[in-house]
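Enquirer: Given next are the chains, with one letter for each unit.
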Amino acid sequence: MTALAAPLAPGLGSRATRFLRTCVSSPGSIALSLALLLALGYTLPDLVDWAFLAGHWRGGPAACDHTYGACWTFVAARWSQLVYGAYPPAQWWRVDIVFALVLAGGAALLSRRVLYKGLIGLLLMAVAPPVAAVLLLGGVLGLQPVSVTAWGGLMLTVVLGGAALAGALPVGLVLALCRRSSLPVIRYLATGLIEFLRGVPLIPLLFIAMNVLPLLLPPGTDLSPLMRIVVAFILFNGAAMAEVFRGGLQAIPKGQYEAAHSLGLGHAKTMALVVLPQAVAIVTPGLVNVAVAIVKETTVIYIIGLFDFLTEIQAGLQAPNWLLGDQVRDTGYFFAALVYWAVCFGLSRVSARLELQRERRL
Amino acid sequence: MRSAAPALLSPDHWTRRRFSAVAIQASALVLVAALVWFGATNAVANIERLGVATGFDFLWRPAGFAIEQHLIPYDESSTYATAFVVAVLNTIVLALVSLVLATIIGFAVGLGRRSRNALAHGVATSYVETIRNVPLLLQLFFWYFAMLRPLPAPRQSLSLFHVVFLNSRGLMLPRLVADPGFDLVLWALAAGLSLAALAARLLARRRALTGSALRTWPIVLACVLGLPLAAAAVTGFPMHWEVPHLRGFNFDGGIAVLPEFVAMTLALSLYSASYIAEIVRAGLDAVSRGQIEAARALGLKPGAVNGKILIPQALRIIVPPLGNEYLRLFRNTTLAAAIAYSDLTQVFGGTVLNQTAQALEVMVIVAGTYLVINLAVSSLLNWYNRHIAWEQR
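Sequences listed follow chains A and B, in order.
If you read the first sequence in this note's numbering, its first letter stands for residue 1, the second for the next number, and so on.
If you read the second sequence in this note's numbering, its first letter stands for residue 1, the second for the next number, and so on.
One or more hints might be untrue.
Going by beta-carbon spacing under 7 Å, a handful of chain B positions derived as facing chain A [to be verified]:
hint : residue
1    : N42
2    : A43
3    : N117
4    : L137
5    : F142
6    : R207
7    : T345
8    : G349
9    : L371
10   : N374
11   : A376
Ranges of calculated distance between the beta carbons of each label pair, as one might list FRET restraints [to be verified]:
hint : chain 1 : residue 1 : chain 2 : residue 2 : range
12   : A       : A76       : B       : S379      : 49 to 55 Å
13   : B       : G211      : A       : L44       : 42 to 48 Å
14   : B       : S159      : A       : P129      : 51 to 57 Å
15   : B       : W217      : A       : A107      : 46 to 52 Å
16   : A       : S80       : B       : V32       : 46 to 52 Å
17   : B       : R17       : A       : A281      : 29 to 35 Å
18   : A       : A39       : B       : A304      : 31 to 37 Å
19   : A       : S80       : B       : I311      : 53 to 59 Å
20   : A       : S25       : B       : A199      : 35 to 41 Å
Non-contacting residues of chain A with respect to chain B, defined by C-beta distances greater than 10 Å in every case (computed) [said to hold, decoys possible]:
hint : residue
21   : W92
22   : A100
23   : A128
Don't read these hints as lab results, they were simulated from the structure.
All C-beta atoms in this analysis are idealised placements derived from N, C-alpha and C, irrespective of residue type, glycine included.
Taking the hints into account, I'd like the entire structure generated from these sequences.
Expert: Below, the structure written as structure tokens:
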């Protein structure tokens, strides 16, 4: 094999030959390539065959009753629960509007061509949550009220993720500014809160929000479990974002502050007009990474007993007519992994692209 | 606004600034105090209304529930305090085992990401991009519900050379059992370790003084391994392997690892490994090429280039984020609550909270424990990072 590759001078040949040559450049490399090929050959064809070629695409549960192959009919049959939870079908259009809002907002913020992103972002953060709340809860403007307990599936994941993101951004920014304040009391309070929220894992924090938070509110206050979870998510990710913002604030040279002060700008104006615009450009990739973390974290509300997208899949597996063995469960997990992967991978590409753009500008 | 510089320097201005600083800080303190007072009065009223007991006395009462995995003696008549120690130990042992595995896999994948072998590079990259972008809980579900739970019963176990067995009850590992006289081997190991440390120091000093010294690692190895081996040989190897064997419907002997522990370890270590791989790759990439080229130009062999130039510099960059990743892994052990592995969150946040209904006390214990361990480890890491940081010129 080495002899085959040797006559070609380096840099010559097609991409394929160059690829092959790197795999056989030394005895150790050959052994590694063979081992990897063997492992891939053992798993990949089986996976493709199971997921697609032998997959069952039509029919109800009977189609994949203890047979080989992915049971895609499971996903098709449970589609409405996976997307809308127990939301009444006649009102699905309201959820669809929220999905469209989130997609359009996200696309506008992440696209390269759209201008005035800061303005759009602020508008989204200020307007989208109340609009979504009115649409989804109903009870006003002639909308039929829908109980929070009916929320579930992808819709709950989007609501929780969106609320966590929209809430954590301002909380994170304020905490970061307080942590860098020159007033010791403000600094110590912010540092203490951030370190507490970063030292306690998310799940105990959710338990605190579920069990302790109601104790601290006046007797008779009825805070829905979803609201308690949202509070915990906002605080937890706010602390994570505060650390990202702090990194950006620290990266602004002292000269910028001094220049702003010498121009006669006060603290608030220095921050708003000079420091923050530069810091936000630096921290955007980091903030997108926190958004990826939020998408992944939303799954842990399974432990609390709320029905997010993953929990709906897990619940579907326990539905009596789908108790058909390994195929259904494996298909459910495979599908969930594909969905989460597509969202998170897409966002992490955006983050990497922003980082690259910033490096080029410098 | 204010255009003249003297205004900034006037005593009047400074007085006003100092006054506003005091006012802001005082009002922040008042606000926090009011919040605490608000929460405390509500908590008192709520607890009175619900008729729940208060205080930490419950810790000394018998817990009355079983914990399958306990590293110290524990049964249903043990106290809640003992259950706490058992749960904390379960958390720590899970974190430690996962941490070691994650480091090994992470370094291997990180090297793969830098490999010139395009196939290895592709496989390592796909691994990182796949694992990092799928929620850890879903991966845990996959390992626990899809891989481990459907395993055959003990009678049809999968086995590795009839020494290690895997079945629906978990992973059965052989155990090293000490026979009388094993103490001597342990003492020899302790002596070997201290001797190795001493030898390493002496050799380092010799190298600093004379510029030449014997190779350190064979001497260290001889002390650490040779001495206990010699002791074992002299005393006639006072230990034996206890291999698990099937008895009736279950396995006997050896170490039985619960399937929940296996699933948690697999999920945590594979997930963290994808982050560690990126840390390792970034650390190795950060060492400038000029360093490597200079080392080669001096005639250093490839092994020496890696061992004396590349790795020591890369480690200084790798260690700080690696420590943070370890802490993240430690915090992620709390997912155990999803598959009922008896870690601190599951035992206290779940069972104990349900039994006692003392939410405030139980959550103070749980959150406080995580906080204390987290802060202790992170201050240790900070100290270590300062210790190994470059001497700034």
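Enquirer: Sort out which numbered hints this structure fails and list those numbers smallest first.
Expert: 6, 11, 13 and 15
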